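Asks: Spelled out from the first residue to the last, the chains are:
Protein chains: 2
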Amino acid sequence: MVEEIFNINKKNFSEWYNEILKVSDLVDLRYNVKGFLVYKPHAMQLIKKIYQIWEEELEKAGHKPVLFPLVIPPENFELEKEHVEGFKPEVFWITKAGDKKIEKLALRPTSETAFYQLYSTWIRSYSDLPLKCYQSCSVYRYETKATKPLIRGREFLWIEAHDVFETEKQALEQVKQDMEITRKVLLEKLGVPFIFFKRPEWDKFKGAVSTYTADTIMPDGRILQLPSTHYLGQKFAKAFNIKFADKDEEEKYPYQTCYGPGISRILSALISVHGDNKGLVLQFDISPVQIIIIPIIFDESKTEILEAVKKIKNMLKEYRVEIDNTEKRPGEKFYYWEMKGVPVRIEIGPKDVKNNQVVLVNRLGQKKTVKQEDLVKEIQKMSVDMYEELRTRAEKYFNSMINDADSFSELEKILKDKGGLVRVNFCSVEKEGEKCAGIIKEKTGGEVRGTKFSESEKSNGKCIICGKKSNCVVYVGRAY
Amino acid sequence: MVEEIFNINKKNFSEWYNEILKVSDLVDLRYNVKGFLVYKPHAMQLIKKIYQIWEEELEKAGHKPVLFPLVIPPENFELEKEHVEGFKPEVFWITKAGDKKIEKLALRPTSETAFYQLYSTWIRSYSDLPLKCYQSCSVYRYETKATKPLIRGREFLWIEAHDVFETEKQALEQVKQDMEITRKVLLEKLGVPFIFFKRPEWDKFKGAVSTYTADTIMPDGRILQLPSTHYLGQKFAKAFNIKFADKDEEEKYPYQTCYGPGISRILSALISVHGDNKGLVLQFDISPVQIIIIPIIFDESKTEILEAVKKIKNMLKEYRVEIDNTEKRPGEKFYYWEMKGVPVRIEIGPKDVKNNQVVLVNRLGQKKTVKQEDLVKEIQKMSVDMYEELRTRAEKYFNSMINDADSFSELEKILKDKGGLVRVNFCSVEKEGEKCAGIIKEKTGGEVRGTKFSESEKSNGKCIICGKKSNCVVYVGRAY
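As you go down the protein sequences, you meet chains P and V in turn. Heads up: the first sequence begins at 0 in numbering that gives the first Met the number 0, then just goes up one per residue. Heads up: the second sequence begins at 0 in numbering that gives the first Met the number 0, then just goes up one per residue.
Treat each hint with caution, since some may be false.
You can't tell identical chains apart in this list, so a pair holds if it fits in one copy or across any two.
[Said to hold, decoys possible] Below, computed lysine-lysine pairings styled on BS3-like, alpha-carbon distance capped at 27 angstroms:
no., residue 1, residue 2
1, K434, K21
2, K380, K366
3, K63, K246
4, K63, K33
5, K188, K376
6, K309, K59
7, K188, K442
8, K33, K21
9, K33, K242
10, K63, K312
11, K203, K234
12, K430, K205
13, K59, K312
14, K251, K468
15, K47, K131
16, K21, K131
17, K47, K316
18, K277, K63
19, K332, K131
20, K33, K237
21, K242, K205
22, K100, K147
Derived from the structure by calculation, the hints contain no laboratory data. All figures in this text were calculated on a predicted structure; none of them were measured in a lab.
This is chain P alone, in the form it adopts within the complex:
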């Protein structure tokens, strides 16, 4: 009976995903504006943790928090031509206040054009550089593609970091640092594997010189773009007249980068990559409830059990602990808290009280009877082991989903049967490769995601589409 309530089979990933968002009480999709959703406490607690971890890493790397207005006046928004052309179709416009018509204001779809106008006054000399600021906020895009909760919406939560440097070399170093921050958080803290790509010329952020992104693979084999960094060169500096006096007293345009981890998307990756047929699986460090205590109560030993539970909870003050004292049967409670993703469960029954022990079970089903005096130590060990196993499992899947194809038909077959990222020889990621990429897209739905960043992968083969000799290796995948 109970089992059936949460009988969510991850093999049907899309169904599983929609169901888990609902039953584990993460978001409410019934808000009556299309593309906008409500974050319920369970999601918001996770999001606050993810923000905290990410902001901490950004600050360690020298970034400082700021907050720019939500609204951008057209005179800013329209300064960088490519940028405005790219974003214009997606911008929400405010045109009225009360009953009055007012001069129109854009809701930020991203904040380059808000930040950089003031950066032109904040930056005077080389001693003001590097300037590295970030803001945590929501952005707004009138998506016309089908929206998908947490993955593509008209309002989403992110961080945007906007950095300014004296030299191109420093700016390109920042791209590497951003990748390092991404690795530290996404892989090391959240256990979500990814590849960092340099996107092809035709698939850049509008207004950027080049775009770098972290792609992960979802359980259905589709690719999800996670944080990206855009190298802006001097393009925005010129458009916004950002100049600095260098040591030689010459006025120069600085070089810029921007970095954007999408927090809503990262939550969706976290849920999807680690979740299983029983529901969510959350790592110990970020789980809103880290430990659930379930008393196994029989009438004759009720008092002792409840006392023991209280004692155990007191021993665990440094953790986020809850006790399930509801009237449900133990089995029901197990299923419920497993579905919610709580990493550690403590069971205490009459035998345990007598033997001064508890039963520890982690969310991956590993069970251990431990002495109460060893409890804290055992929980620490269990949380580390569980994280390691989650990460290993995720990496194993991720690696199994990266495959080589020597021909177009092989590519087509892998994308159809399995999905993931397919490594192929390709003519070029410069403008002239766009035609071949278009053919792949049209025939398979797969996109050329780019070349691996910071690792040179060279081939001696030929482009699988046009047959031109090429030393370029790209990854193709169907994306969200």
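Starting from the known structure of chain P, fit chain V onto it as the hints suggest.
Replies: Relative to the frame of chain P, chain V by itself:
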């Protein structure tokens, strides 16, 4: 010379305020949309701390974080008649996306009408109550009064908590709990004194049964409204059809409250109440930089001093510490960091290195030479003492600004000469008192702020305006 740069005399409060926002690098007022400002790192770091403290207290009191969309469709917004009438003139409307006209959407001026529509689906039975959720976000109001940075703007940061209860009694208890949370944070953690008022009938939140607010007094004697709680009764429950099945299986409308600490305003109070002629004064716990180390360098002892500085910094790992290694003279550095409000300064010169000591100076000018081995202990003590002194100083000023007036002419004189809150006998805070309040407002600019909450103050006198016998005591003040 240096002194003059920051020669900011708090006696001219308004000038002082505008100047301190600029020189201490809190906000940038040059953003090119009226009523919108940019929070620079110094302000944003403070704001993050204030949010953290407030959210922690709200969570201790059983609130959970959520996030509702920025946009509210008219069909929600217009459900509660009084509410919509009150807010309509101030609402920003989105009417376009890209080139397309879309159905208009309000930017939230406050989120009752976003929350409560879904609350009507979240609440089914008494076991779902109390429901206590909060969100930290920006809200948008097209203010037509003159805007003042952090105090009145078209975008401001706040928290809004929306609580639902089975009974009226529980809801009114929540008003008291909100006051307690306000006291804990505002007075005990931030050292900002206030009085909690019940607002008169004619000055309620639109749609509320009654409104309770914390008022503080600014250095110019004007009143600043800080957090407020609105008791909504069943008005919104009826408008949004929020019902629950009670234990007796009867369907009932619940009782609601909402609570809104305005974080931008609280920052302005914090700056204004504690700041002095040298600039900002920040408490140790919330200051972005808690300790500034200033090496007093002479050529012959440079190496030893810099080594000692490094050692000292290592001793203070649990604090937020910076070293000022710039080329400025020590005096200049002192002025700079005092202006920024840094609570503790450590000076280390050749004599100190020799004697294994440092000079500790707090932001209130108290100086002490301490042995290096006692440093941590002395800093802890200094930070506590400084906080106590700040709070005592603030309370002393606050209390001195609360005065009695027995007649209208006395009221007029106090408001003109001194400002603050003036306690007077008044006919009524119900609808029938509005006329007398109007006379006070017209002749003095003062507003009847309400009666003291949770303390009954009774008089046997007569209303200072109409002369009617009354036992009602109100406080009058000129407000921001």
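Asks: Indicate, hint by hint, whether the structure satisfies it.
Replies: Outcome of the hint check:
1. K434 x K21: neither (42 angstroms within a copy, 53 angstroms between copies)
2. K380 x K366: This pair counts as within: shortest intra-copy Cα distance 13 angstroms, inter-copy 48 angstroms.
3. K63 x K246: within (25 angstroms within a copy, 52 angstroms between copies)
4. K63 x K33: between (34 angstroms within a copy, 25 angstroms between copies)
5. K188 x K376: within (21 angstroms within a copy, 35 angstroms between copies)
6. K309 x K59: So K309 and K59 pass the 27 angstroms test across copies only (19 angstroms; inside, 39 angstroms).
7. K188 x K442: neither (38 angstroms within a copy, 63 angstroms between copies)
8. K33 x K21: within (17 angstroms within a copy, 41 angstroms between copies)
9. K33 x K242: Only across copies: K33 and K242 sit 26 angstroms apart there, 42 angstroms inside one copy, limit 27 angstroms.
10. K63 x K312: between (38 angstroms within a copy, 21 angstroms between copies)
11. K203 x K234: within (14 angstroms within a copy, 52 angstroms between copies)
12. K430 x K205: within (15 angstroms within a copy, 58 angstroms between copies)
13. K59 x K312: So K59 and K312 pass the 27 angstroms test across copies only (17 angstroms; inside, 34 angstroms).
14. K251 x K468: Neither way: K251 and K468 sit 41 angstroms apart in one copy and 76 angstroms across, limit 27 angstroms.
15. K47 x K131: both (22 angstroms within a copy, 18 angstroms between copies)
16. K21 x K131: between (38 angstroms within a copy, 20 angstroms between copies)
17. K47 x K316: Cα proximity of K47 and K316: in one copy and across copies (21 angstroms, 25 angstroms).
18. K277 x K63: Classified as between; 25 angstroms across copies, 40 angstroms inside a copy.
19. K332 x K131: Result: close only across copies, 24 angstroms inter versus 48 angstroms intra.
20. K33 x K237: Classified as between: cross-chain Cα gap 26 angstroms, same-chain 38 angstroms, threshold 27 angstroms.
21. K242 x K205: within (22 angstroms within a copy, 49 angstroms between copies)
22. K100 x K147: between (34 angstroms within a copy, 23 angstroms between copies)
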